[in-house]
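For this one, chain A is given, so just place chain B on it according to the hints.
Residue numbers (this note's numbering), protein chains in the order written: chain A, 1 to 505; chain B, 1001 to 1667.
Note that these hints are calculated values from the structure, not bench results. Remember, predicted model here, so these are calculated numbers, not experimental data. Treat the hints with care, as some may be off.
Short derived list, chain A residues pointing at chain B, Cβ under 8 Å [what the hints assert, rightly or not]:
1) 339
2) 379
3) 399
4) 415
5) 424
6) 437
7) 468
8) 503
Partial list, computed: chain B residues near chain A (C-beta under 7 Å) [stated by the list, open to error]:
9) 1158
10) 1180
11) 1186
12) 1229
13) 1232
14) 1607
15) 1610
Where a beta carbon is used, it is the ideal one built from N, C-alpha and C, also for glycine.
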Amino acid sequence: MFTDLPLLSLVIWLPIIGGFLILALGSNADNAARRLALVVSIATFLISLPLWTGFDSSTAAMQFQEKAAWIPAFNINYHLGVDGLSMPLILLTTFTVVLVVIAGWEVIQNKPGQYMAAFLIMEGFMNGVFAALDAMLFYVFWEGMLIPMFLIIGIWGGPNRVYATIKFFLYTFLGSVFMLVALIYMYWQSDSFAILDFHTLKLSLNAQILIFIAFLLAFAVKVPMWPVHTWLPDAHVEAPTGGSVILAAIMLKIGGYGFLRFSLPIAPDGSKELDWLIIGMSLIAVVYIGFVALVQSDMKKLIAYSSIAHMGFVTLGFFIIFTILENTGGTSGAVLGIEGGMVQMISHGFISGAMFLGVGVMYDRVHSREIGAYGGVVHTMPKFAGFFVLFAMANAGLPGTSGFVGEFMVILAAFKANFWYAFLAATTLILGAAYTLWMVKRVIYGPVVNINVAGLEDLNRREFLIMALLAIAVLALGVYPAPLTQVMHASVENLVQHISVSKLP
Amino acid sequence: MDMTLSENVLLTIVLAPLVGSVIAGLFSKQVGRAGAHWVTIIGVAISFILSASVFKALVFDGAQKFDQTIYTWLVSEGVKFEVGFLVDKLTVLMMTVVTFVSLMVHIYTIGYMADDEHNWDEKSLAGKHSYQRFFSYISLFTFSMLMLVMSNNFMQLFFGWEAVGVVSYLLIGFWSTRETAIYANLKAFLVNRVGDFGFLLGIAAVLMYFDTLNYSEVFAKAPELANVTIQIFEGTDWALMSVIGILLFIGAMGKSAQMPLHVWLPDSMEGPTPISALIHAATMVTAGIFMVARMSPIYELSTTALSVILVIGAMTAFFTGLLGLVQHDIKRVVAYSTLSQLGYMTVALGASAYSAAIFHLMTHAFFKALLFLAAGSVIIAMHHEQDMRKMGGLKKYLPITYWTSLLGSLALIGTPGFSGFFSKDSIILAVGQSTIPGSSLAYFAVTAGVFITALYSFRMFFLVFHGQERMDEHTKHHLHETPWVVTVPLMLLAIPSVLIGYFTVGPVLFGDYFGDAILFTDAHPAMAMVGESFHGALGMITHSFFTLPFWLAVAGVGTAWFIYMKRPDIADKAQSMFAPIHRMLENKYGFDDFNQMVFGDRSRGIGEVLWKVGDQKLIDGTLVNGSARLVGWFSSVVRHMQTGYLYHYAFAMIIGLLVLLTWIVVR
Chain A
1 MFTDLPLLSL VIWLPIIGGF LILALGSNAD NAARRLALVV SIATFLISLP
51 LWTGFDSSTA AMQFQEKAAW IPAFNINYHL GVDGLSMPLI LLTTFTVVLV
101 VIAGWEVIQN KPGQYMAAFL IMEGFMNGVF AALDAMLFYV FWEGMLIPMF
151 LIIGIWGGPN RVYATIKFFL YTFLGSVFML VALIYMYWQS DSFAILDFHT
201 LKLSLNAQIL IFIAFLLAFA VKVPMWPVHT WLPDAHVEAP TGGSVILAAI
251 MLKIGGYGFL RFSLPIAPDG SKELDWLIIG MSLIAVVYIG FVALVQSDMK
301 KLIAYSSIAH MGFVTLGFFI IFTILENTGG TSGAVLGIEG GMVQMISHGF
351 ISGAMFLGVG VMYDRVHSRE IGAYGGVVHT MPKFAGFFVL FAMANAGLPG
401 TSGFVGEFMV ILAAFKANFW YAFLAATTLI LGAAYTLWMV KRVIYGPVVN
451 INVAGLEDLN RREFLIMALL AIAVLALGVY PAPLTQVMHA SVENLVQHIS
501 VSKLP
Chain B
1001 MDMTLSENVL LTIVLAPLVG SVIAGLFSKQ VGRAGAHWVT IIGVAISFIL
1051 SASVFKALVF DGAQKFDQTI YTWLVSEGVK FEVGFLVDKL TVLMMTVVTF
1101 VSLMVHIYTI GYMADDEHNW DEKSLAGKHS YQRFFSYISL FTFSMLMLVM
1151 SNNFMQLFFG WEAVGVVSYL LIGFWSTRET AIYANLKAFL VNRVGDFGFL
1201 LGIAAVLMYF DTLNYSEVFA KAPELANVTI QIFEGTDWAL MSVIGILLFI
1251 GAMGKSAQMP LHVWLPDSME GPTPISALIH AATMVTAGIF MVARMSPIYE
1301 LSTTALSVIL VIGAMTAFFT GLLGLVQHDI KRVVAYSTLS QLGYMTVALG
1351 ASAYSAAIFH LMTHAFFKAL LFLAAGSVII AMHHEQDMRK MGGLKKYLPI
1401 TYWTSLLGSL ALIGTPGFSG FFSKDSIILA VGQSTIPGSS LAYFAVTAGV
1451 FITALYSFRM FFLVFHGQER MDEHTKHHLH ETPWVVTVPL MLLAIPSVLI
1501 GYFTVGPVLF GDYFGDAILF TDAHPAMAMV GESFHGALGM ITHSFFTLPF
1551 WLAVAGVGTA WFIYMKRPDI ADKAQSMFAP IHRMLENKYG FDDFNQMVFG
1601 DRSRGIGEVL WKVGDQKLID GTLVNGSARL VGWFSSVVRH MQTGYLYHYA
1651 FAMIIGLLVL LTWIVVR
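The shape of chain A in the complex, shown without the other chains (with noise of 0.2 Å):
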């Protein structure tokens, strides 16, 4: 009964609205504001449900499409759909903002009514870029998802927050023009900037090539990955969790979905070409930075080194299916590796999320994110310390949570490319468990050894509902995984068969 509403619409421009709302109340109605927040959040995510029952997970098809001519001059439109590939994406999204606008409720106090509405008119940007179907639309929302960010580390950033916004808008304006360039050059050689035509068009090697090269930098700016990360340590640092949220949960994926949507299917023989490049890249981000996330003394910075490393596993999981393809013959491998770093995606999305937000539930008693400001957590914030750990276990990839599965699927697939890529990608297990639980032994563990420490007040029952929440999704990720991969079964099966096929005129 739902289905017949224009639920992707919704799902785009009800939290803009709403955001555009709340602006409206001024800066004096800061509770109406919040209420006013949770209230489109939560709508925003029940509308969002229905994308899941009403699914149709035995087709590859696009589906919930809405079209409606935007600029026709230029063969532009609006034009929305979602496959299996975007549909979880868009719910987590949902999920996760809800989890954020609560998250804010208290801690912030200045000017809560833009932050809640940056972060609304952000996830309907987001919303906007997992659903357009036309490619001029998603660079519209690809890009207006920046501003919001960028004024959330702006404005309710750390100390450093001027030379993190700028770090950040640099590298990924410098990635996105280059992918301008490409979509437009495909408008001219097909007349329609529907995305799917593009799936169809036949280009040389050398087009291909440029046109991979150009989405690469987009998007591995956006995952991020090796060596084009170093904004992402530098934003979360100075962020507010909020944003941090955001950033790891969803704005990475983002990056992780334009391969699949963009890169694989349009330029298959470039991406084919190349992928040596992105497996090198993916394989250095789980050793090189989970080195580096080893000697991190500031949380937040280890967890989104960690970030960066578990991206390595989405990209690996993606660029490997060639070698796969070749090895077998057949096409499983590299449906499980495509599925892997899909579930990875999903998965991370909730670790993370959950990660920094224990990380905000900290600072905002103690204000410092330093590991060694901490000692023996577990003593004053029994609570917490259950769930921090339950977290931290999911991060280092414990089988029965949900950040085991994705990293468990690409292994097993990378072994089907090349023992060697399964043997560094592996090594997570050890570099993984190392930096996390290093780190807990540090904070949560211990004896109390400092006044910070020894006065803290464990969760409330605000925090503790989103902990618990997300402890939830993790853990019947974990449990019970087929619901999501049949989802994308479809389309990702789809996606692999187009890939093995050339494109070249």
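This is chain B only, laid out in the frame that chain A set:
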């Protein structure tokens, strides 16, 4: 008679401890201390009783083995990842042993943890419900261990494998105010992860070549792939089965603490004694042994892998036993003894005598749990003093602990008739018959090991229970036998420690007990040859008086008696005479220092370099800030356009975008 096992019964066996754990853990305040121990004990008791009933059904009533999927975890085109149970005679033996020892430990814990609040700072909130949390953890462990042994596929095996590791981590670091405890638990987890690294690659190899992770499908297909080779390095052909076997065994080396991944087990003694007995002696550490036995259809196809196992096991059995001789901490002696016995089991696996390994696993579970719990009883009586130099003469204060310890020690050293005798002698015999490369070395190690075992066992026994009373007056004044919740489990464990070997050696080891659960092939006939000369348990006892191991054990006990009872000065003299060897043993052959230096410090060093030079200097310094400077120069030219208002910038971006688009389109 119902000839098939009920899925509901098996599910109840697994889930009852989990439910107990969740109730005791999440509702610790509501259920209180008594509620927590009752709910977990009832949960594990249900598991034990049902496991025993399944045992009866399979072994005596001839029920068929159970091999079914419970639910499908994940499907990814063609490959199904499932959660399911394989319950055959091998599994049910493990289930019964695990739930029995776990039940004993649960009961014992009531006494051991009774005054746990003394171990915590008054203000610590974590210490407030520590009693309930402990019960929650040990029940969670029981659940995880059952998932591990009952699995019918590699994925769930890995789940159980890691889950027991996490519970072990939580329990070693249970007293989280102690620096040594939280160091030990991190170390245990990381060393285990090194093993799991190999294990996971092994699983990936299985998936690649078998296209399934289900045991029975893999085992059925294994002979077809016996001659497949793979190239890990360009131009070198490696037998697939050897690669898989060795990779999986690396996992077992971590979990079952084989050299050089044994370093975590002695440190794990930082945890409370009940879990040392349950996790770090009787059950979890034997998971690796169980796994290799379960994979016998794979290992039978690779003499290379068996040879590796044999040599590693032999080194562990011999060298870690020696370390037990120089320990002063009562728990550490038992811990090194556990390492050495795990080495024996591994040797048996390597000799292709899987059933002997499992048999020793079972007898060891009883007598080692007994020895640990007895050590714990001593520790309670001594008010948490663990140094044997401050004990002595405890026999008259702790009679029940004394006699049960004696029975446990006699079982451990392989006294003819005791359960440990049958299992250990079978291993030695099997190794003697084996022709797998390394077996002569292993034969020496396990034979010499008998002397060492007897020596360290009775060194401990005499130091603790006999001789001078070396404790202070205050402690001595309060010495008395521990409460019944402690002594009853000791007595209940003493019974199988003494008797179970005699009654089961015939049917389990040399009969047809395991059936198709464990595969023996003619390629490695050691066990069959031992079986040919087996003429009943009694015959085995009488024959043993004419064999070397018996006299070595006697010599070990005699030496211990002479050195520690008769002439205590000899121990000191020997120590100074063999100072370099003693120092080497004190340093545990330098493994810990080596690991700390090479893996601990070096990896942090690598991290620092990559971060400071790679990230900060090269990427940020040169690339990013370099382009920023370029932009800075450019913007100094257009500085007058800058207003400093953020919304101007935002609008400028959008307008810029529009201009760009227009330009492209109009062109």
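Going through the hints against the structure:
Proximity of residue 339/A to chain B holds as hinted, the smallest CB-CB distance being about 5 Å (cut-off 8 Å). About 4 Å separates the beta-carbon of residue 379/A from the nearest beta-carbon of chain B, less than 8 Å, and the hint is met. The beta carbon of residue 399/A comes within 4 Å of a beta carbon in chain B, closer than 8 Å, and the hint placing it at the interface holds. Interface hint status for residue 415/A: upheld, as the beta-carbon distance to the closest one in chain B is roughly 4 Å, under 8 Å.
At about 11 Å, the closest approach between the beta carbon of residue 424/A and any beta carbon in chain B exceeds 8 Å, and the interface hint on this residue is violated. Given hint, residue 437/A at the interface with chain B, holds; its Cβ is 6 Å from that chain's nearest Cβ, closer than 8 Å. Because the closest C-beta pair between residue 468/A and chain B is about 11 Å apart, greater than 8 Å, the hint is violated. For the restraint placing residue 503/A at the interface with chain B, the shortest Cβ-Cβ distance is roughly 23 Å, beyond the 8 Å limit, so the hint is violated.
The beta carbon of residue 1158/B is positioned within 7 Å of a beta carbon in chain A (closest approach about 6 Å), and the interface hint is therefore held. With a cut of 7 Å, the hint placing residue 1180/B at the interface with chain A is violated, because the nearest CB-to-CB distance is about 11 Å. Given the 7 Å rule on beta carbons, the hint for residue 1186/B holds: about 5 Å separates it from the nearest Cβ of chain A. Given hint, residue 1229/B at the interface with chain A, is violated; its Cβ is 13 Å from that chain's nearest Cβ, farther than 7 Å.
Evaluation of the residue 1232/B hint against chain A yields a held restraint, the C-beta minimum of about 5 Å falling below 7 Å. Evaluation of the residue 1607/B hint against chain A yields a held restraint, the C-beta minimum of about 4 Å falling below 7 Å. Hint on residue 1610/B holds. Least Cβ distance to chain A is approximately 5 Å, under the 7 Å limit.
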